[in-house]
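Visitor: Per the working numbering, the very first residue in the sequence shown carries number -13; after that it's consecutive.
Keep in mind that a hint or two might mislead.
Computed beta-carbon distance windows for the label pairs [to be verified]:
| # | residue 1 | residue 2 | range |
| --- | --- | --- | --- |
| 1 | ARG25 | ILE229 | 33 to 43 Å |
| 2 | TYR76 | ARG(-12) | 38 to 48 Å |
| 3 | LYS85 | ARG221 | 31 to 41 Å |
| 4 | GLY28 | ASP140 | 22 to 32 Å |
| 5 | TYR15 | ARG(-12) | 18 to 28 Å |
| 6 | GLY96 | ARG221 | 32 to 42 Å |
| 7 | GLU72 | SER2 | 41 to 51 Å |
| 8 | ASN97 | GLU203 | 43 to 53 Å |
| 9 | ASP210 | SER184 | 13 to 23 Å |
| 10 | ARG(-12) | LYS85 | 18 to 28 Å |
| 11 | VAL231 | ASP148 | 15 to 25 Å |
| 12 | ILE229 | SER145 | 20 to 30 Å |
Source of the hints: derived by calculation from the structure; they are not laboratory data. Beta carbons: idealized from backbone N, C-alpha and C, even for Gly.
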Amino acid sequence: MRIYLASWGNPLEWGSAKYRHGPVGNAYYSYTTLPFMVREYGVDKVIIIALDSVLTARGRTPSKEVLGCAEQVGLVVSNNSIKPGEIRDYNEWVGRASKYIECVAARSVGNDLAGRLGVVVAPYVGLREGVAYGVGKDVRPDVYLTHALVRVLDVLGGSLRDVGELIVDITHGINYTPYLTIELGKMLASLALALNGSRPNYAVGIRIFNAVEVGVEGEVRVYDVHNIGELRMDRYYLDPIIIAVYTNAKSLDQGRT
-13 MRIYLASWGN
-3 PLEWGSAKYR
7 HGPVGNAYYS
17 YTTLPFMVRE
27 YGVDKVIIIA
37 LDSVLTARGR
47 TPSKEVLGCA
57 EQVGLVVSNN
67 SIKPGEIRDY
77 NEWVGRASKY
87 IECVAARSVG
97 NDLAGRLGVV
107 VAPYVGLREG
117 VAYGVGKDVR
127 PDVYLTHALV
137 RVLDVLGGSL
147 RDVGELIVDI
157 THGINYTPYL
167 TIELGKMLAS
177 LALALNGSRP
187 NYAVGIRIFN
197 AVEVGVEGEV
207 RVYDVHNIGE
217 LRMDRYYLDP
227 IIIAVYTNAK
237 SLDQGRT
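With the hints as constraints, model all of the structure from the sequences given.
Guide: See the structure below:
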């Protein structure tokens, strides 16, 4: 089973682009790397990790598709910015953020994601559009990793045992999320290995991708997608997982009712 794992920042900043391996080969036009990655690598499951701060964002020239998604899920859209509007609690905030990202992903790829898309919303730490996320609440940036791990396990369920490869795409991540998403990939691989015990010849591969802008065609930016790293894990390491969960255990219950 091949899992696509991506960290996303602010979709309002993404315009139409051309994604390719290089001058020769297939090219895909979209505001995300999703069509390229899903069709070129034949992934079985797509998991996108977004930040809860995605609901308070702005963009210089956001795409109509992304703004359309914001309006569709009930966000307040004004002057190329979005706000959550009236929300009762954090659970509702996360739910609306998840629906927004699901819409952005689906419009990017189309029906190819039917039944294969999972969205995880993790906490941001810092100031975004006048809103303080996690500041003064003893919340650290690495809580992103713990939340993402727990939520991704919810999405995968028993299928984690069948994972053979993780495709980690950090193209659209921001700040600390690309690095932590790579670490998350290693944790998921370790858990898959642990679940399979002494299964002979079993290993989990991890491939890491990033897109680099190489030019412009008309008004469309051109990006080459690079495989920037590969790992083959045949041993599991549970200490980082135990430490991460233990350190941030209290924060996992924040916002739950």
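Visitor: Among all the numbered hints in the text so far, which are the ones the structure does not match?
Guide: Numbers 2, 7, 8 and 9 - these are the hints that the structure violates, sorted from lowest upward.
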